[in-house]
Structures are given as structure tokens and as C-alpha cells.
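Order-wise, the sequence lines are chains A and B.
Residue numbers for the first sequence, in my numbering: 3 to 248.
Residue numbers for the second sequence, in my numbering: 163 to 499.
It is possible that part of the hints are untrue.
Lysine-lysine pairs mimicking DSS-like chemistry, simulated, CA-CA at most 30 Å apart [claimed, not checked]: (1) Lys128/A - Lys194/A; (2) Lys50/A - Lys23/A; (3) Lys388/B - Lys23/A; (4) Lys132/A - Lys165/A; (5) Lys165/A - Lys389/B; (6) Lys73/A - Lys165/A; (7) Lys167/A - Lys128/A; (8) Lys167/A - Lys50/A; (9) Lys388/B - Lys165/A; (10) Lys73/A - Lys389/B; (11) Lys389/B - Lys50/A; (12) Lys73/A - Lys388/B.
Bear in mind the hints are in silico, worked out from the structure with no lab data behind them.
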Amino acid sequence: MTPILQAQNLNKRFGGNEAVKDVSFVVNAGECVVLAGDNGAGKSTVIKMISGVHTPTSGEVRFQEERLTGKTPNAIRQTGIETIYQDLALADNLDPGLNLYLGREATRRFLGIPMVDRRTMRETAKEVLKGLGIVIPDPSAPVRDLSGGQRQAIAIARAIHWKAKLVIMDEPTAALGVPEQREVMALIERLKAQGVGIILISHNLPDIFAAADRIIVLARGVVAGERRPAETSDEEIVRLMMGAAG
Amino acid sequence: MSGSSAQKPTGASFLKPLLGAWSWIFLLAILVFFELYARAETGQTFLFRVYNIQSIAIAASQILLLALGLTLVIVAGHIDLSIGFTTGLSAVVMALVIRMAGPESGWAIVILAMLVGTFAAVIVGLVNGWLVAILNVPSFIGTLGTYGVARGGALIVAGGATVSIRSDEARAFGNGDILGFPVPVVVAAVLAFLCHYLLAHTRFGVHTYALGANRASVERAGVNVKKHLIWLFVISAVTAGVGGLVYTGRFSAGAANAGEPILLYAVAAVFIGGASLTGGQGTITGTVIGAFIIAVIQFGLVFSGLPPYWQFVAVGLVIIVAVLVDQSRDKLTGMQS
Numbered sequence: 003m004t005p006i007l008q009a010q011n012l013n014k015r016f017g018g019n020e021a022v023k024d025v026s027f028v029v030n031a032g033e034c035v036v037l038a039g040d041n042g043a044g045k046s047t048v049i050k051m052i053s054g055v056h057t058p059t060s061g062e063v064r065f066q067e068e069r070l071t072g073k074t075p076n077a078i079r080q081t082g083i084e085t086i087y088q089d090l091a092l093a094d095n096l097d098p099g100l101n102l103y104l105g106r107e108a109t110r111r112f113l114g115i116p117m118v119d120r121r122t123m124r125e126t127a128k129e130v131l132k133g134l135g136i137v138i139p140d141p142s143a144p145v146r147d148l149s150g151g152q153r154q155a156i157a158i159a160r161a162i163h164w165k166a167k168l169v170i171m172d173e174p175t176a177a178l179g180v181p182e183q184r185e186v187m188a189l190i191e192r193l194k195a196q197g198v199g200i201i202l203i204s205h206n207l208p209d210i211f212a213a214a215d216r217i218i219v220l221a222r223g224v225v226a227g228e229r230r231p232a233e234t235s236d237e238e239i240v241r242l243m244m245g246a247a248g
Numbered sequence: 163m164s165g166s167s168a169q170k171p172t173g174a175s176f177l178k179p180l181l182g183a184w185s186w187i188f189l190l191a192i193l194v195f196f197e198l199y200a201r202a203e204t205g206q207t208f209l210f211r212v213y214n215i216q217s218i219a220i221a222a223s224q225i226l227l228l229a230l231g232l233t234l235v236i237v238a239g240h241i242d243l244s245i246g247f248t249t250g251l252s253a254v255v256m257a258l259v260i261r262m263a264g265p266e267s268g269w270a271i272v273i274l275a276m277l278v279g280t281f282a283a284v285i286v287g288l289v290n291g292w293l294v295a296i297l298n299v300p301s302f303i304g305t306l307g308t309y310g311v312a313r314g315g316a317l318i319v320a321g322g323a324t325v326s327i328r329s330d331e332a333r334a335f336g337n338g339d340i341l342g343f344p345v346p347v348v349v350a351a352v353l354a355f356l357c358h359y360l361l362a363h364t365r366f367g368v369h370t371y372a373l374g375a376n377r378a379s380v381e382r383a384g385v386n387v388k389k390h391l392i393w394l395f396v397i398s399a400v401t402a403g404v405g406g407l408v409y410t411g412r413f414s415a416g417a418a419n420a421g422e423p424i425l426l427y428a429v430a431a432v433f434i435g436g437a438s439l440t441g442g443q444g445t446i447t448g449t450v451i452g453a454f455i456i457a458v459i460q461f462g463l464v465f466s467g468l469p470p471y472w473q474f475v476a477v478g479l480v481i482i483v484a485v486l487v488d489q490s491r492d493k494l495t496g497m498q499s
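Construct the complete structure from the given sequences, taking the supplied hints into account.
See below:
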């Protein structure tokens, strides 16, 4: 398998504080890589260097052989990397369709005048969500009326609809109830089945073992170890997260 | 996930559409009230006289010209207080250009004067946009600052006095009519239509709503939020500036404080129309209704022979009611999730 994403020797220094030191890993198509680690281990800094929010102090990120480091978050998004932040960044007052299309709205012409085509966007959102096994009772209602899991699904639907090849998810189940957590894990499986690469940030052990093809444990800014779920145990991952030598 | 948010029956669900349409109902109620009052007290009709309808429509369009652009700014979660004096600045600048051209000014001069007046407004809008979008000054403070600057600027260029003009063309612009509709009303209607199109039917409008709900949502969607904000403040300044042009036309004089008494009414019209201080809500249709509610109260109280000061009390009460309705609507939607 050729990796779609390569992070090579990423370093990030904030003032005198080395947040991330020499982190390297790859993500293959259809693979879910979990970045595990305690708070402050450098997980968020690593994904922000991939999504372009932070520029590495040294090292680089390559995506499908293309150098990403130095590009703007927008340009990186357009190459096919979608980041789903913990807060989801949905516009709560708009319906699922508009949220799916936000920034890339569909328009139609009425007497030659361009108009936002709410109906098409609503229908598309309904279809994409149906493909994820989710039925929204009222597709024209604002997303603030939806459950946490449904909102998560809209963020994931956005990645699917716009043909993301790599999806980065930051603690997607953190704010959800147990049944919804399971549904998000099912969504991750569907994304993988479509050949999408996934980087999942988590410190929840059941989630890590349920979703991961590979687990990369970060501790104090360095890679403390890399394991396959079948070759490791809860205890070992916890030990690595605590910073003990692997 | 599909079943996890089954809608709980709220019992008050029939209230929701009622609260959504409360401004229509309220407008209707005060029209009925003044009609009955007028008939009982004077035996005359209040509503069914062309003069009364025209007066109300002109008063409403004065409020609207300030409130239209403001609606967009408020939907985006900001506010523009400078419009009160942007109106005055445009009014004074237009009057000065006509005066400099001499008494024999034709349409060309009047149109040039209107363009220069609008340009003055655009400058205020750009400064507001720059403060809020680039320097991250909270819009309440930033536009309060430009409120002062525009006020001083208007008074300085006017030499502290009202700039009176003599121009038949300008007077025709302010007092004429098109097919029986007063020109100020037609101007406000055209701008209302444009603003409605912008807010309800364009991508710009969608981004404005999203910006009001969650700035990160539009930022991460790749929208240039800074540019968007600057545009919003320019639009707000331009509709307020057009209000100044209409003022100069109506009174054959440009006054620095032309917009000052209308500012609070304009803000009130937007909130009565369903907008929320936190942004993400509001429509042009709502603002139009809001402006008419205020205009009917203003004119109705004068018509009824009550001291005109009662209008301040009445409009103040309506604003409070509008906020209370907005809150109970939020509570109703909150109950559903």
C-alpha cells in the first residue's frame, strides 16, 4: 500500500516549549490511524500542522506525494483533507443542506438571477445522510434541533460529499451519549470502506481499540510507540500514554 | 441516531407559529385600534385616507433606509450605530455639492451630488469594516466611535448649520411621486427588495446568517470573513446614506443630525422584526413590518391628538415586548432538544 499521507519529522516549538518533537507517521487509504495520548501530549498540535493551522518549526507533511507544509488551511482542504473539529463548526441556525454546502452553495437561475438553491441542497443532504444510515425527521429544520450524533453525522457527510480522501477527527465522541458514540464508530467504518484515510484523535480506550488499524501513542510531544490493536493491550497503551518507555 | 431525538410534545407548540407571526398580528392590532379610536372620537377614518397612508409610508421609509443595511449587520451578529450620522453626512454632502454648483443646477448636478453623498457614506462604511474586521474592535464600540466622527464631520463640513438649497430637481426627488407612490417610498421599496434578495437568496446572505450563528463555521468553510464584514458595513452605510439623500430632497436642506432621531427607531425596527442581538436571526420582511409598526404608532398618536412625546413611551414598550417574545420563542425551541 502506498501511504496517502506522510508526516516526516514534525517539530513545533511555541516559544521555549517544544510541543512536538520529531513526530513521523504515515496514513494509508482506507486506514484509521488513532493518535492517542494524554492532554498536552501534542495530538492537537500534530493535526493542526496537517490541516495547515500551524506551520511546523521543521519537518514536512506530504499528501499524495504533494508537499502540504506552507499551504493555507483552505488550500489543504481543497486537496481533499477535511478536518472535523470537536465543536463541529456547524451553523446552528441553518438546515443540514446549507451546512453540508456551506462555502460551496448550489445556485440556480430564476429569470436569469442567481438564487441559492435550498431545495437541491436539502435533497442532497437527505441522500448523503441516508447513505450513512441517518434519517433526519425534518430536513428544513435548523441543525440546532438535532441530536449530537446527528450533528456529527452532518460534519462527516460534508467530508463524504466533497470527496475527502483523508478525514481528521478530533475526539468525535467526546460529547456524545453511548448509543451515539457507537453510531459514530459505525460511520468511521463506512468511511474506511470507501477508501478514505482517517486520523482519529482520542484518549478513550474502547474507542481506540474499536476504530484503529494502527495506534500511535504520543507522550510529551514524542511518539512513545506504535502498535496494532491485535498486538497490544489496554495496559500497554496506558503505560505508553503515561510516558513509560515502550 | 435517527430515533434519538424524538420530538417531545411541548403543549405550547401552537404558540410557536403565533409567536413567529406576532409582529404581523401586532401591526394589524394597532391599525384596528387607531381606526376604532378615530371613529369613536372624531367620526373619521384613520386608515382609509390616502394622506394618512402616504404619511405613514413616508415615515416608515425614513426608518427603513437606516434599518435595511442594519438588518444585515445585526443578522451577522454585529451592530452599526454610526448610521445615525452617516445619514447626516450624506445629506450635508449632497446639499453642499448642489449649493456649490449654483442655483441653476440641473439633474446632472443633482445626480452627481447624490453620488458624492453616497461616496461619503461608503467611506464611513469602509472605516467601520476596517475597525471591526481587521482591527477586531467590537462593533458596538467601533461604530460608536465612527458615530462621533461622522457627527463631527457632518457638522464641520456643514459649518455647524443646516445647508439649505434651491433645486427643483432635488425637491422633486424628495417630494414627487411615481404613479402615486411618493419617491422616498419607492426608493425604500427598491432597496428593501434588493436587501431581501441579498439576505434570503444569495450565498452572501447564507454566509451572513452562518456568520451570526458561528464565525468558525464560515471561516472553516473557506469564506473570507474579513471581506464579508467590510461589505456588510459598507451596505449598511450606503442604505443610511441614501436616507440622507432623501432627507435633503424632502426638506431642500442637508442637516448633520438628519438621521439622529431615527437611529433608535431603526434599531428597534430590526429587533421588532425578529432579529436577535446575538445574531443569526432576522429578515428584511420582519424589519419592514417593524418599521411600519413604529410609523403607525408615531402617526397614530399624533393623529389622535395625544402629546407627541407618547410615541417615545409607546415605541419603548414595543421594543421590550419584542425582546420578551424573542426570548419565549428561544425557550420554546430549547424545549424541543
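Hint-by-hint comparison with the structure:
A distance of roughly 21 Å separates the Cα atoms of Lys128/A and Lys194/A; the hinted pair therefore holds under the 30 Å criterion. Between Lys50/A and Lys23/A, the direct Cα distance comes to roughly 14 Å. Compliance with the 30 Å bound is thereby established for this hinted pair. Distance check on the hinted pair: Lys388/B and Lys23/A sit about 34 Å apart at the alpha-carbon level, beyond 30 Å; violated. Between Lys132/A and Lys165/A, the direct Cα distance comes to roughly 17 Å. Compliance with the 30 Å bound is thereby established for this hinted pair.
Taking the CA atoms of Lys165/A and Lys389/B, the gap is near 28 Å; set against the 30 Å cutoff, the hint holds. Distance hint between Lys73/A and Lys165/A is fulfilled; the C-alpha atoms sit about 20 Å from each other, no more than 30 Å. With a C-alpha separation of about 22 Å, the suggested pair Lys167/A and Lys128/A falls inside the 30 Å cut-off, and the hint holds. Pair hint Lys167/A plus Lys50/A holds up; C-alpha atoms about 17 Å apart against a cutoff of 30 Å.
The hinted pair formed by Lys388/B and Lys165/A meets the criterion: a straight-line CA distance of about 28 Å does not exceed 30 Å. Distance check on the hinted pair: Lys73/A and Lys389/B sit about 20 Å apart at the alpha-carbon level, within 30 Å; holds. Pair hint Lys389/B plus Lys50/A holds up; C-alpha atoms about 24 Å apart against a cutoff of 30 Å. Among the hinted pairs, Lys73/A with Lys388/B is consistent with the structure: their alpha-carbon atoms are about 20 Å apart, no more than 30 Å.
The earlier numbered hint that this structure contradicts is number 3, and it is the only one.
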